[in-house]
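Novice: For reference, the chains in residue letters:
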Amino acid sequence: MTFDELKNLLVSLGLDPEDVTPEATREEAGLDSLLLTELALVLRKERGVPVPEEELYAATTVTAIERLVAVHAGTA
Amino acid sequence: MRGGPGPGRGAAVTGVGLFTPAGADRATTWETVRVGKPTSVREERDGLTYLACRAPEPPGGLGRAAVARRPDRSAALALCAAREALADAGLDPGGWDGTRVGVVAGIGAGGVLTYEAQREVLRTDGPGDMSSFAVPGALPNAVAAQLAVEFGVRGPSLAVTTACAAGASAIGVALDLLTLGRCDLVLVGGAEASLSPFYIAGFDRLRALSRRFDDPAGGLRPFDVDRSGFVMAEGAGFLVLERPADAAARGARTRALISGYGATSDAHHVVAPRPDGSGLTAAVRDALAEAGASPGDVDLVNAHGTGTPRGDAVEAAVLAALLPHRPPVTSTKGVTGHLLGAAGAVEAALTVLSVEEGTVPPTANFAEPGEGIDLDVPTTARTARLRLAVSTSVGFGGHNAALVITAP
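Chains A and B supply the protein sequences, listed in that same order. With my numbering applied, the first sequence corresponds to residues 1324 to 1399, in that order. With my numbering applied, the second sequence corresponds to residues 7 to 414, in that order.
What the hints contain is simulated information worked out from the structure, not anything from laboratory work. For every residue, glycine included, the Cβ atom is placed at its ideal position computed from N, Cα and C. Keep in mind that a hint or two might mislead.
Stated by the list, open to error - Quick list of the computed label-pair ranges, beta carbon to beta carbon:
#1 A:Thr-1383 x B:Gly-403: 46 to 52 Å
#2 B:Gly-257 x A:Lys-1368: 51 to 57 Å
#3 A:Val-1365 x B:His-275: 44 to 50 Å
#4 B:Asp-190 x A:Val-1365: 41 to 47 Å
#5 A:Lys-1368 x B:Thr-34: 37 to 43 Å
To be verified - If we take Cβ atoms under 8 Å as the criterion, some of the chain A residues that face chain B in the derived model are:
#6 Leu-1336
#7 Gly-1337
#8 Leu-1357
#9 Thr-1360
#10 Glu-1361
#11 Leu-1364
#12 Lys-1368
Bound-form chain A, shown alone (with noise of 0.2 Å):
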């Protein structure tokens, strides 16, 4: 999943396109603890891409997010 299709999937769950960028911590993208929790399910569900949720909290920025979603979809 490159970097836009990971932004897409962020904004289609309601975050603004302006927040999210590489360098934004999750904070800063808006990504609270009920958005990461539904990203999971997202990835998992709709992508296949099974990121364990205890892995997406203990990432602090979306570049971090983006390496995981990498990692457990065997493309990194």
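Knowing the structure of chain A, use the given hints to seat chain B on it.
Specialist: Okay, now just chain B, sitting in the frame of chain A:
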């Protein structure tokens, strides 16, 4: 027995917002109501055939709070109407001191679309697949809470739930908050989005719904001889209320005044109205007394008028006996459908616009009065000087609410 209103009581309506089947904003809704164009359509979904009045799709990007990004439909509709009401009142929630602001939301079924969808996920896919927004979306306080989060409301935020009287009850509670000085400004209204299989099938089992499938637009027929039930609707209406002196001090335009409120219970039956209508009569009398007015002062009634055989008959008898001078009695539900928990708020808003403009809105689908119904029901819009109007609301379980709305 209540005391009279006394000086400084009552509330100024300084903002009105509507998001209903009749339109995605106040002006469009009002125009559809004024011309008397029904919005009911026939739908077939989930193995059910039914009539419904659908609200337009709310836009995305409704708010910055996490839940507001993925709200239940009831909260999405509420956010749209509330935002318009605040703008209409000339208020910028980004710049206000929210500590003296309250929010009161009338709620019928609550976040049932979220509940039913997530209940299905739980059953078919298991608990780990449920959305994290399931509970905050489904809780009955969701609308009030999300409006408070979105608009920085730091005073009281309350959900008021009295079935189909909830929107009117909410305005009564808001009036009390202002009168008691618990806050200085209240965003108050109602929201409903319960066109779900559970509620459609459940209301149908109560034989409450119109089954006029061959004539969807004519489905809800207030006070008409051929009335056979209501049509469920979804939507929201919100008002901004302030004490009149506060509204004047900040130079706000006052569209109308909420001058009186009456609330009673039938103590009779889980769904049927008390046959003698004494509870509704008392609510209207109390509301008029609080406004310092008499029944003879009533220039217009926006009736509950859901088009059920028994409910309309009882209400018509109450109004005919109480108001022998025969003011026009209209039911805007012929256009909007029955907005359930939002009905009282939307109808209060429409009554505010009626008084402000001097327009009696028509009752769509009223052609011939039902047996025993002796009211002046307008079939086309009329121009009239309207100094005082009453809006009545009744809820399953015997909740009666009446609001007196007057010209400023």
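Novice: Give a verdict on every hint.
Specialist: Results of checking the hints against the structure:
no., hint, in the structure
1, A:Thr-1383 x B:Gly-403: 46 to 52 Å, "51 Å, holds"
2, B:Gly-257 x A:Lys-1368: 51 to 57 Å, "53 Å, holds"
3, A:Val-1365 x B:His-275: 44 to 50 Å, "47 Å, holds"
4, B:Asp-190 x A:Val-1365: 41 to 47 Å, "42 Å, holds"
5, A:Lys-1368 x B:Thr-34: 37 to 43 Å, "38 Å, holds"
6, Leu-1336, "7 Å, holds"
7, Gly-1337, "3 Å, holds"
8, Leu-1357, "4 Å, holds"
9, Thr-1360, "4 Å, holds"
10, Glu-1361, "5 Å, holds"
11, Leu-1364, "7 Å, holds"
12, Lys-1368, "6 Å, holds"
Going down the numbered hints, you'll see the structure goes against none, and every one checks out.
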